[in-house]
Amino acid sequence: MTPTEVRAAQQEGAAVLDLRTPHPFAAEHLEGALSVQFNRADLVDRVELVFPEDLPMIMHGEPEAIGKVAAKLLSDAGFNVLGHLEGGLKAWKAEGLPVVQLPTMDVDELKERMGEFTVVDARDPFEFKYGHVPGSGILSWTEAWYEADSVDDDPPIAVICGDEIRSVLVASILVRKGKKAELVTGGMVDWVERDYPIEKGMD
Amino acid sequence: MIFKQFRYEPLNQASYLVGCPKAKEAFIIDPIAGLGDDFYILEAADLGLAIVGVFETHVHADYVSCARELAEMNGCPHYLHENAPTTYEYTPFKDGDVFTVGKVDMTCLFTPGHTPEHTSYLITDKSRAEEPWAVLTGDCLFVGDVGRPDLLVGDQALDVMDEGERARTQFATINDLLFTLPDHVEVYPNHYGGSLCGGVNMSGKNSSTIYYEKKYNLAMQKPDAAAFAQFVQDTAKPLPDDYEKIKSYNLGLVEKDELQGAGV
Chain A
1 MTPTEVRAAQ
11 QEGAAVLDLR
21 TPHPFAAEHL
31 EGALSVQFNR
41 ADLVDRVELV
51 FPEDLPMIMH
61 GEPEAIGKVA
71 AKLLSDAGFN
81 VLGHLEGGLK
91 AWKAEGLPVV
101 QLPTMDVDEL
111 KERMGEFTVV
121 DARDPFEFKY
131 GHVPGSGILS
141 WTEAWYEADS
151 VDDDPPIAVI
161 CGDEIRSVLV
171 ASILVRKGKK
181 AELVTGGMVD
191 WVERDYPIEK
201 GMD
Chain B
1 MIFKQFRYEP
11 LNQASYLVGC
21 PKAKEAFIID
31 PIAGLGDDFY
41 ILEAADLGLA
51 IVGVFETHVH
61 ADYVSCAREL
71 AEMNGCPHYL
81 HENAPTTYEY
91 TPFKDGDVFT
101 VGKVDMTCLF
111 TPGHTPEHTS
121 YLITDKSRAE
131 EPWAVLTGDC
141 LFVGDVGRPD
151 LLVGDQALDV
161 MDEGERARTQ
171 FATINDLLFT
181 LPDHVEVYPN
191 HYGGSLCGGV
201 NMSGKNSSTI
211 YYEKKYNLAM
221 QKPDAAAFAQ
231 FVQDTAKPLP
241 DDYEKIKSYN
251 LGLVEKDELQ
261 GAGV
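Protein sequences appear in the order of chains A and B. So the first sequence is numbered by my numbering: it starts at 1 and just counts up by one. So the second sequence is numbered by my numbering: it starts at 1 and just counts up by one.
Isolated chain B, as found in the complex (with noise of 0.2 angstroms):
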């Protein structure tokens, strides 16, 4: 298989390809319009590989999403976990389903949380073995840290999960979900560093292992939910400069020159 990392800096947002040389296709995941579809399209097709889905693993509320536009470029679809409340259609998922592209399998899991339509995406190479190698955790698991739950806008913002009840959900996914999953399991996650989508302890590393996280992920350590939701709230950093600006437009709420440049 072919797995690749594209990191943007200035938001140390990382997004990613999953493809099979053999059926010379690809899955991305995350695009952001910092890079722009150009981006994406020529990195897949310098690898020999056509672009046939575009992942997201929730609507981001820190950067502008690109994924509307390259889906619609490539002719392709662009898959949301089916609780995602955007104005626009797109293809929905549920948990459990799998996406394949020739010996590569992409299975869905629904880890809420950092947000309700939260997904993350299990790999598999079948050219090598059945069981998964890697997990791309989107704003769930960080390395080192976890996704905050308070970056909502208007209905999800006001639904009946408060901020101290997605902390909780988000505890009881990573441990009921991502730490049950074999400790060799890589951690892809959709931030590191200095992002604002997690709290002060995330690592500038850009990847990890369920083992290493389980061990050694302060936020993890908690003994239970009520304790990591305080801790998660006393380690958070400011809020990202015009994230609901960000939001309502990934959302479809708003036109992208209401943006006025944020979030690229």
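Just chain A, same shape as in the assembly (with noise of 0.2 angstroms):
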């Protein structure tokens, strides 16, 4: 698909699925697109945890032969998929697209300013339940599309898992659902490296 038609077909609805890793993303994606990490193994199982099987998707890949991989297996796996970005962000650009950031923040800023946050965990209950970063709730990313509107963002929402894949894909989605939220860079791994306290428990 054109950027054009990407475009159009986004204010009909559809998702753009950005297929990158967290920091290209972060550092700038289409606008209201979703951070949905490619690899051939577990795309299809991911998505299928994550979003409505009738969400219309587009995919956006960088080289392109990663949209047009992720968008065979997504729509031989049933996915109403619409096709791909085609010339990726240089040609999103060049028609003058809206492109967003997503605010980052690593794990010491995150522990200096900890009251002017909401945090976020993204991860699996087991995973929150064996430690996280005190007063954070769980906002699974499996729950996330649904549940979304539900979190209050006042103050802003810091999204954090035990690496980044997982933070970036609700970090997205709460940001497309309208919220302000960031992404801790680094996660639980550079918590727990810097001996940061810890919190178990479910509440």
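One should not assume that every hint holds.
Said to hold, decoys possible - Rough simulated footprint, nothing fancy, chain A against chain B, three-plus residues with beta-carbon under 8 angstroms: (1) 34-41; (2) 106-116.
Stated by the list, open to error - Estimated spans, in silico, between C-beta atoms of each pair: (3) 90(A) with 4(B): 54 to 60 angstroms; (4) 239(B) with 108(A): 37 to 43 angstroms; (5) 5(B) with 24(A): 38 to 44 angstroms; (6) 152(A) with 5(B): 48 to 54 angstroms; (7) 207(B) with 76(A): 35 to 41 angstroms; (8) 154(A) with 91(B): 44 to 50 angstroms; (9) 143(A) with 194(B): 40 to 46 angstroms.
Stated by the list, open to error - If you only want the chain B side, here are some residues facing chain A, beta carbon under 10 angstroms, derived: (10) 23; (11) 24; (12) 222.
The set of hints was computed from the structure by calculation and includes no laboratory data. For clarity, every value in this text was computed on a predicted model and none was experimentally measured. Glycine is no exception: its CB is placed at the ideal position from the N, C-alpha and C atoms.
Dock chain to chain to rebuild the complex, using the hints, since each chain is given by itself in its own frame.
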């Protein structure tokens, strides 16, 4: 699909799945895009866990080959794939279409500015239970699409997971649903490595 | 770190991915058109890595490279040693330059002999140790054999070094540079087994160590450069089919359609 076709479909409700890694996504992505990192092994399974089957989707991969392969994998699995973005981000920007950033902070900044954010953990409940940032709440990646509306974004949300893959997905969902959200880079791996405090259990 | 060897069996060729899972970035070394750009793009993506640099150990003569296209598609540099006489633009590096993805360092070791721009890449995984653990030896040092010095075209073939001199350079490079690396360092070559880039003693095994090659590489057991050069000549295989055409393409001297399917 050409950039203008993608934009028109977005305005009709289609979701752009950005298949790149978290950092390039945070730096710059198509307005409204959702971050779903690509791999051939379990892309279909993950999309199935996160989104409703009838959601119209458009793939954005860099290089383009990734978008093509993802479109085929997902449409073969029965998803409503409209196509992939031809020419990638470069073509999109050449048309003057909007790109946005996802604000990020590392774990040091999160610790320093703790009171200024609603900390949301995007992992599965068993991981959250094992240890999380004190005061954080859980919005598991598989529930995020359906429950994002109920999350309070005052103060703004800081999303964390083990690494960054699920947190960037949840942050992108929250932003798409109109919430103020930021990504915590380095995730719980960095938090634990620095020996920052951990809270256990589900409350 | 993430390290992956990709084998292309029709030409007994090995290319590599060197990446860092934390940085989510990777380098590709010596990509081959036989596997194709999309192959490397999808392999890297499957590992959750973005390709941020494409490197070649040298300008190849026995297979068609896809380094130019792969770099272009990923919007990243195509790196070659500054001596590489290509007609197209690349990002040049010098001996000793270090390229980094996350916790992984890749150090350029200028190892001329097979070609005048030939470079090996020393790999250090700083998440584990400051010492290197592997070296990508290209067509300098193979498992059981060494790269042949007679696959050049045009100006390179006519340059001041003749075949014998290049063989002597190869001997010095391996002895004075590669064989001074720590014994434990693993050796990952650009070819193995039946490849025509080495002689008859090349092993089908796809990796080795500095210690093992120092001890058992037949060509490197020769007492001096002259005996080595003679041995390399005596144990050489036939020249690869169409090597002049393939090398000319990889140098940018001819277009792809002139290859007529050679070297893939």
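Outcome of the hint check:
Given as covered by chain A, the region 34-41 of chain B passes the check, having 3 residues with a CB less than 8 angstroms from a CB of that chain where 3 are the minimum. Only residues whose C-beta sits within less than 8 angstroms of a C-beta in chain A count toward coverage, and the region 106-116 of chain B has 0 of them, not enough to reach three; the restraint is violated. At about 28 angstroms, the CB distance of residue 90(A) to residue 4(B) disagrees with the hint of 54 to 60 angstroms. At about 59 angstroms, the CB distance of residue 239(B) to residue 108(A) disagrees with the hint of 37 to 43 angstroms.
Taking the beta carbon of each, residue 5(B) and residue 24(A) are about 26 angstroms apart, not inside 38 to 44 angstroms as hinted. The given range of 48 to 54 angstroms is respected by residue 152(A) and residue 5(B), whose C-beta atoms sit roughly 50 angstroms from each other. Distance hint for residue 207(B) and residue 76(A): a CB-CB separation of about 37 angstroms, consistent with the stated range 35 to 41 angstroms. In this structure the hint that residue 154(A) and residue 91(B) lie 44 to 50 angstroms apart at CB holds, the actual value being about 48 angstroms.
Between residue 143(A) and residue 194(B) the CB atoms are about 55 angstroms apart, so this pair departs from the stated range of 40 to 46 angstroms. About 8 angstroms separates the beta-carbon of residue 23(B) from the nearest beta-carbon of chain A, less than 10 angstroms, and the hint is met. Contact between residue 24(B) and chain A, as hinted, is supported at the beta carbon level, the nearest pair being about 4 angstroms apart and thus within 10 angstroms. For residue 222(B), the interface hint is violated, the least distance from its beta-carbon to any beta-carbon of chain A being 47 angstroms, above 10 angstroms.
In this structure, the earlier hints numbered 2, 3, 4, 5, 9, 12 are contradicted, and the remaining ones agree with it.
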